[in-house]
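**Student:** Below are the chains, spelled out letter by letter.
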Amino acid sequence: DAGVIQSPRHEVTEMGQEVTLRCKPISGHNSLFWYRQTMMRGLELLIYFNNNVPIDDSGMPEDRFSAKMPNASFSTLKIQPSEPRDSAVYFCASSFRHPDEQFFGPGTRLTVL
Amino acid sequence: KNEVEQSPQNLTAQEGEFITINCSYSVGISALHWLQQHPGGGIVSLFMLSSGKKKHGRLIATINIQEKHSSLHITASHPRDSAVYICAVRYNGSQKLVFGQGTRLTINP
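Going down the list, the protein sequences come from chains U and E.
The opening position of the first sequence corresponds to residue 44 in our numbering, with each subsequent residue numbered one higher.
The opening position of the second sequence corresponds to residue 161 in our numbering, with each subsequent residue numbered one higher.
Quick caveat, the hints were computed from the structure, so don't treat them as lab data.
Careful: at least some of the hints might be erroneous.
Selected chain U positions facing chain E (Cβ under 8 Å, derived; list incomplete) [claimed, not checked]:
(1) Gly59
(2) Gly85
(3) Leu86
(4) Leu88
(5) Pro97
(6) Ile98
(7) Asp100
(8) Glu105
(9) Val132
(10) Phe139
(11) Gln145
Using N, Cα and C, we set each Cβ at its ideal position, and we do this for glycine too.
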């Protein structure tokens, strides 16, 4: 298996633009997690899905952030409009069942100018 | 104040040394994870445990539920072990993982 796939790996955009991050979990995994990592706050859970249904989105910082999982093999995290403070590395992870060992994608490094 | 405290924040050692990284948390948990983040940024799950001890190769993770404390040990450390090690806990009644700030380990040859 290719592991968790994220795209793009790097994204540079200007403040106010819409940003869409993509994630393909490991085939057969039924839980998917979106995390954000910054120097100041470390790793934080934004949202997680179980069987494509959002279970806990309390970590989503504000209404500018939204996440979807239309099917078992694809999820998106959208920021609209983006702000410089959104600059971070965004990780997607999946697991066979929650709770269980999580497999992380390589991350998307987002820079908002 | 982070609910999950790791120590030390930074650790430098010589190749071959025995390494211990500590993690303390504040209330009852259902599971504790140890993660490794390489200099390139990738994150790998090392262990998930809720009691006792687990071993994988040169890595050993222990947890003491009563003392709310876990340790990650590395035996015969090697420069390739250089990474940030992150502790994360899932509290009872919650589905979220709460992360420590990480311990940056550098092993010199």
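**Student:** All hints are to be evaluated individually against the structure, with a verdict given for each.
**Tutor:** Each hint, compared with the structure:
1. Gly59: Because about 27 Å separates Gly59 (chain U) from the closest Cβ in chain E, which is outside the 8 Å limit, the hint is violated.
2. Gly85: holds (5 Å)
3. Leu86: Holds - the Cβ of Leu86 (chain U) comes within 8 Å of chain E, reaching about 4 Å at its closest.
4. Leu88: holds (5 Å)
5. Pro97: violated (12 Å)
6. Ile98: holds (6 Å)
7. Asp100: violated (11 Å)
8. Glu105: violated (18 Å)
9. Val132: holds (6 Å)
10. Phe139: Violated, because the Cβ-Cβ distance from Phe139 (chain U) to chain E comes to roughly 12 Å (cut-off 8 Å).
11. Gln145: holds (6 Å)
Hint check: violations occur at hints 1, 5, 7, 8, 10; the rest are consistent with the structure.
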